[in-house]
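Undergrad: Sequence:
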Amino acid sequence: MKKFFALFAAWLLISACSNQQTLKPGEPVYVTITSTMGDITVKLYDDTPLHRDNFIKLCQENAYDGVLFHRIIKDFVVQGGDPSSKAHEPGVLYGDGDGGYSVPAEILPNHFNKRGALIDAKEGDDVNPERASAGTHFCFIQGKRWTDAGLDSMETRINQTRKNWLLSVFKHRLVKEHPELKNNTEKLEADALKLTEDTLAILPPLTIPAEHREVYKNWGGSPHLDGNVSIWGEVVEGFDVIEKMSLVETDENDRPLEDVIILKTKVFNK
1 MKKFFALFAA WLLISACSNQ QTLKPGEPVY VTITSTMGDI TVKLYDDTPL HRDNFIKLCQ
61 ENAYDGVLFH RIIKDFVVQG GDPSSKAHEP GVLYGDGDGG YSVPAEILPN HFNKRGALID
121 AKEGDDVNPE RASAGTHFCF IQGKRWTDAG LDSMETRINQ TRKNWLLSVF KHRLVKEHPE
181 LKNNTEKLEA DALKLTEDTL AILPPLTIPA EHREVYKNWG GSPHLDGNVS IWGEVVEGFD
241 VIEKMSLVET DENDRPLEDV IILKTKVFNK
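Under my numbering, the letters of the sequence shown match residues 1 to 270, in that order.
FYI, nobody ran anything at the bench for these hints, they're computed from the structure. A few of these clues could be false.
Said to hold, decoys possible - Derived lysine-lysine pairs resembling DSS-like cross-links, with alpha carbons at most 25 Å apart: (1) Lys244 x Lys217; (2) Lys57 x Lys187; (3) Lys187 x Lys86; (4) Lys24 x Lys74; (5) Lys43 x Lys217; (6) Lys194 x Lys74; (7) Lys114 x Lys266; (8) Lys217 x Lys74; (9) Lys187 x Lys163; (10) Lys144 x Lys194; (11) Lys114 x Lys163; (12) Lys182 x Lys163; (13) Lys114 x Lys43; (14) Lys43 x Lys244; (15) Lys194 x Lys163.
Unchecked claim - Derived Cβ-Cβ restraints for the label pairs, each shown as a range: (16) Gly99 x His178: 21 to 27 Å; (17) Thr185 x Gln160: 20 to 26 Å; (18) Lys194 x Asp39: 21 to 27 Å; (19) Lys163 x Leu257: 37 to 43 Å; (20) Lys163 x Lys74: 34 to 40 Å.
C-beta atoms are modelled at their ideal positions from N, C-alpha and C, and glycine is treated no differently.
Start from the sequences, fold in the hints, and give me the full structure.
TA: In structure tokens, the structure reads:
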């Protein structure tokens, strides 16, 4: 076992020295994530520069080498990026480590949670109404195919999520403007709800665009996250690897029983 870990560490060191490429300005950027289950290549979006550049920096610094895909949920998501998961300690619930920083939200309507979307992970709206992304985390959407009836149900969920988010935003704003409300939760709830309802009264309901519906029906994804997460890239090669990952056996915390490890990342232009 000690010999294996010594060889593994040496392989990581050697591979780290060969994964860099000088990027060409204005050219599309790709990243290949090599794992113990195979390679996944993503294309990064230029209209989400904060997340794009953060991901490029982390990959070029080899920050993900040895990190686990610590959370895998079939028909939903494959998540990794917790630096503390490099310890590979059996049975540990990973996911709290995020590099000690966050990335401001870049939530754009043209990007949606189709199968293969590269998205953020973050704390909930109740404590993170700005929807800032956890610094080092990333997820691949696996999702599933949907019917029109299922998508109609997801539209209802998306609108409820927006309402809950607005409620959190107004609560935080009210407490900041009127600190005394922190000790008067009943009034805080009532005032925030009034502001939320007034805002929703002038906003059109959120809908899933027809072109997105076709993708969700024929290709798959996780539409309930639309408008809720930053999406900064998409898988272009390695969908089969994500499908294999989605089938691994996991524990009660969705951590694979057999570690799925990121071996290296490579940033490049085609």
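Undergrad: Against each hint, give a clear statement of whether it holds in the structure.
TA: So, going through the hints one by one against the coordinates:
no., hint, result
1, Lys244 x Lys217, "holds, 21 Å"
2, Lys57 x Lys187, "violated, 45 Å"
3, Lys187 x Lys86, "violated, 46 Å"
4, Lys24 x Lys74, "violated, 37 Å"
5, Lys43 x Lys217, "holds, 23 Å"
6, Lys194 x Lys74, "violated, 39 Å"
7, Lys114 x Lys266, "holds, 24 Å"
8, Lys217 x Lys74, "holds, 18 Å"
9, Lys187 x Lys163, "holds, 18 Å"
10, Lys144 x Lys194, "violated, 37 Å"
11, Lys114 x Lys163, "holds, 23 Å"
12, Lys182 x Lys163, "holds, 21 Å"
13, Lys114 x Lys43, "holds, 14 Å"
14, Lys43 x Lys244, "holds, 21 Å"
15, Lys194 x Lys163, "holds, 11 Å"
16, Gly99 x His178: 21 to 27 Å, "violated, 34 Å"
17, Thr185 x Gln160: 20 to 26 Å, "holds, 22 Å"
18, Lys194 x Asp39: 21 to 27 Å, "violated, 52 Å"
19, Lys163 x Leu257: 37 to 43 Å, "holds, 38 Å"
20, Lys163 x Lys74: 34 to 40 Å, "violated, 29 Å"
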